[in-house]
Every structure is written in structure tokens, then in C-alpha cells.
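These are the residues of each chain, in order.
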Amino acid sequence: MLGAALELTGYLPDEGLATAAYLALVMHRPLFLEGEAGVGKTALARALAEVTGRPLYRLQCYEGLEASQALYDWDFGRQLLHLRAAEAAGTGQRAEELEAGLYDRRFLLARPLLQALEDSPSVLLVDEVDRADDEFEAFLLEVLGDFTISIPELGTVRAQTPPLVVLTSNRTREVHDALKRRCLYHWLEHPDFDREVAILRRRLPEVTETLARQVARATATLRELDLLKPPGVAEAMDWAGALHALGARELDPDTAARTLGAVLKYREDTDRVRSLDPGALFGAR
Amino acid sequence: MPGDVVGTVLGFARTLRHAGVAASPDRVTAMLTALGHLDVLDPTAVYWAGRLTLCASPDDLDRYDAAFAAYFGGGAPRPRRSSGAEQPREVPAAPLTSGDGGADGGEPSDLATRAGGEEVLRHRDVAGLTPAERDQLRRLFARLRPAAPMRPSRRRSPSAHGAVDRGRTVRRALRHGGEVTRLAHHRARPRPRRVVLLIDVSGSMSPYADALLRVAHAAVRARPTSTEVFTIGTRLTRVTRELRLRDPDRALAASGAAIPDWSGGTRIGEVLKAFLDRWGQRGTARGAVVVVCSDGWERGGAQLLGDQMARLQRLAHAVVWVNPHKGRAGYQPRTAGIVAALPSVDHFVAGHSLAAFEELAEVVSRA
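Residue numbers (our numbering), protein chains in the order written: chain A, 1 to 285; chain B, 1001 to 1367.
Only chain A is shown next, with the shape it has when bound in the complex:
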């Protein structure tokens, strides 16, 4: 099944996530992923693109994102050049012909959403949709509803096969219900201990089994500490990578203290962890 195929790419989903991805694929419904930062929301879209062999188009959302950056834009500069060239050549075209020639596909700049529909079948990643403002959600709704984009001057672009859409959100604000209703909703959690070890081993084959297990255990302990930013899988991988780069084969309190910057991103968190007994936190067990 899809879960097994995903594992081949190095992405290890749990059962819920594998089911969610499978349903998104067969039901042609966008998959709406929420969860803490660094649990692998964006990575899933990449893995899905790899598994299905489809190209990945990514739209990073930010405040003030407009249709001209998400859907399409006319290449004004080239249109102007075309006009001037026609004038200089004096081909004797009539004005209407010339004008019609201006709104040709070759003067259209396709942005991620249009690209994903034109290059079907594809995987479309709409990243951090909660960062875009609510005006943008409204027309995302239109595009994801029937997978078409209408361009007044050109006509309607329709995807032959609906793209596999992954939307991610960090919950900085609540995304509108109308958008969520059209999606499959999945809340991603931190992986359990065994899965995290497996992920570390798979992604960083050079890291020893002992180190991977120790890093996974220490990361799990850190998550229980009620920190400002509990470390995600991404941080655990950074940490294991950093330890390996220092030549460590095992996690001991001293190297752990030196590499803490790879897992903890707030001064308050670092102070807190340093004030605790490092032996109990990172000791070899």
C-alpha cells in the first residue's frame, strides 16, 4: 500500500497518516495537515511526489499573497516588446488582431497553482496556509473546489487529473470552516520512540544505532519538559547530525551540552535544560 511505498522514500508515516494520504489520492480531496512545527508536514508532500512520480509544485503562503503570485500573471514587459516589435516591423496587422495576439498563452506567467493544474497529474503543496490572509482563502476555495482556473482573456484551465493537494497549517489562526470542509483533516503528532529511531536511522544512515536511540530518548524527554518550543523530528535529525559531525558515537552529558543549540531554539529553554541534571537527561541508559 501507499504507506509501504512512502517508507521506501525514507518517509515513515504512522497508520493514520498513511490512510489519510491514500484517501486523499483516491478521493481527490485535499489533505489538510496540522501539527507542531517540525513533525514532517512539508516533508510528506515531497515524499508523496516521489512515490507517485509526479512533479511537486509548492506555494509558500505569506501575508499579502495575491492572485498574481499564486495563480498567474501577464508578462507586461514582453507584451510591450511584442507591440513595439510589430510596430517596427510594420506587418500591417489590424489593431484587433494585434490586441488578440497580446493575450496569448506565451505571455502568461504561470504561478504554482496554475502550474500544478497544467502539468497534471501533479502534487501541489500549499504551505502554511494560515499565514495568508482570509481574502486568499476565498479563492483557494474556488481552485480546490473543482480544480479549474478561469482566465478571462484566455478561457478556463482544467486539470485532466486533479492534483494531489497537501495544505499545511501551524494554527496561528483558525482557517475558515468552508475550506476545511472540502479537505481531509489530519492532526500530526510527534512520532513514538521506535518510529523516531527508525526515522533517524533511515534519514541519517551514518549515525549509529546507539546514538539514534539516545537522541530519540533525550528528545522525547525534552518534549515532556514543557519548553517554549518542544523539539520536533526535524530538530532531532539536526541534533543527531550535529553529534555525528563532532564524531560522537554516543550521547554523553558533555557533548549534549555543547550541541544543545541544534534542538533548543530559545535562550529560556537552554537555560532551563542546563539547570537540570544533565546525567539524568542525557545519561547513557
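Straight-line C-alpha distance at most 25 angstroms; calculated SDA-like pairs for lysine to any residue:
(1) Lys180/A / Asp1062/B
(2) Lys229/A / Arg1235/B
(3) Lys229/A / Ser1057/B
(4) Lys229/A / Glu63/A
(5) Lys265/A / Gly279/A
(6) Lys180/A / Thr1029/B
(7) Lys229/A / Glu1270/B
(8) Lys229/A / Gly35/A
(9) Lys180/A / Ser1226/B
(10) Lys229/A / Arg1238/B
(11) Lys265/A / Glu224/A
(12) Lys265/A / Leu276/A
(13) Lys180/A / Leu144/A
(14) Lys229/A / Ala262/A
(15) Lys229/A / Asp1059/B
(16) Lys1326/B / Gly1300/B
(17) Lys265/A / Leu1304/B
(18) Lys180/A / Ser1057/B
(19) Lys265/A / Asp226/A
Calculated from the structure, these hints are not laboratory results.
Following the hints, complete the assembly by docking chain B onto the known chain A.
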């Protein structure tokens, strides 16, 4: 799809709705479609088919698990509970009449002071009002129109001055045969800045909580998408959704039903930390004007409150503290909570009368 599967799913959706998850008909249809692609006899497949289609937020997940276990029997096959998820609320609502408690329990004379007039009423301390006066004041609250603070946004709109708008300039040129006759300009369009209200609903604030929630209602009604309201007491409750109801009395009744810790104790420091962990740091407090309405009576340590206020100030654009007692003559900030919080507060204002609330709205819009 066999009829008994459809019947079972519809029954499950009904159970779910009773548990407080809004499983709308189109979501139920989606669940049936999902089941069509999976093994109907596998409990895990049924669990995920329902969870992926019927739930819409992390708050729904615990309720879904409970409903699943109750309806299908046995435990929900969900591997692990998230540690950060909220406990399901089972504490029923305290009635929303707490505003009448305390002070005027022994004051039945409500007609005597009727002639006070609006102007006098505007400056009266809310805590000392008779029921009739309070009724009259409620109508005045409806006239409150808080203006939102503004900030520049990334979106631009046409303007006579500012940077050159290349797209519009060229489009205009195309209309004139490619000749640039006039430059078009644009500039950043102002957008409302987010306002977050944190309202203390503990026992010591109960004479003012009703009035503060009415102020919050006016703010939410004025700017529904850029205003967030939470109540703080022994726990954090988001009441933005409830306050979006148009009618103030219904909105207050709905939020009263949502607040489990009405007139209880206060642990502002802890609850503020919960707010920052779950909402504030992710973005709700970032660049926002955060208004904390509390008297600063703190049962937890004042140290924690001080730390969290400092954290809040680093995230927020401005922090406003509203203390109803500040309106009293001869007030000195003495409670440990206030003393710890004040260094991280940008504006310290009173909040005891309608006039004070108008002033608060002014402070917020200029913050």
C-alpha cells in the same frame, strides 16, 4: 454501499454531534466515500475514515475518540493521546448573572436612582449599579464602536503617491499603443491590527466581568476577523466564536456556557502561559495589541506572572492592562500580581465605568 453501513455511520454521526463535534451532512458523505475505499470490517480503517473526514480541529479529536469508543464499543484504536490537547469540558455553565453578585445583593431599591441620566451613568462604577441601572447601561454598551488600530500590510492599493506600480503603468501604456504617458503609483494598504482581549473571570473580578465581556462583544462585532477574546481564571477559554453572535445577550449567554471556571480562583500566570504556549507564540499575539483585563489578584506565584508578561511584551505590539480598581480614588498598584506585571505593560488604564471603557477603546486604537 450496503444499507446497514450507511445506517451505522448516520447513527455514529448523531452520537458525534451530541458529543459536540459538528459533523455536518457533507462531512458524513465524505466519510461514506472514504469507507468505500477502505475495509469496512476493519475497526482501525473505520476509525481513521471518520476521524479524517468528520473532525476539523485538535479540540475535536478527544471528543471523537470518546464518541467512537462509546458507539462502536471497545477503545479507540488511536495510539497515543497528545499531551497538549485540551480536556473535554464537562463542567456546566455558571449562570451569567454573576455581575449582580456581591455588592447589590442587599439593595432592592432600583427605581430610586433611575433619574441619574446617561451622562452620570457613564461615569458610575459598574460594580455599584442597581439592576435597573445596569439594564440601562447595557443599552449604552451597544453604542460602543471601538476603532481598530491599523498597521501597514504587504498588499498595495493605487495611490497618487508612493512607489511606481509597474503592472498598472504598462497596462495603461498598452491601451495607448505602448506609449507610457503617465506613471501609476501604489502604496501599502493599511490593515486592522489584531486585538487580543484576555478577560479575568475569577471571583474577585465578577462585578466587572459582565461589562468587560460586553466591551469584548462590541469589539468582536466591529472587527470579527481581527479580534480574539479569551477568558482567564483557573483555565483558558476561547470565547471569540461565541461572541460573534449578533445579539449581545445571546452572545454573553453562549460564552457563559463555554466558560467552565466562572467566578472561581485565579492563576493568571499559569493561564497566561497556557495562552502563550497554545496561541500567542504561534502567531495570535505576534504584532497584536493585547489587552489584559484583571485586578492582578494572583494565587500562583507573582514571579511566573512577571516572566509570562515579559514574554508577552516581546511578542506583542503593545500590552494594555485594564484594572477596574484603578478608577478608585487613591489607588496604588500594590497587589503582588500587578507589581510583577507592570514593568511589561505599555498602557495601564482603568476599566470600571462606561467612560473608562471608551477611553480604553481610544487607547487601543492609538496603540
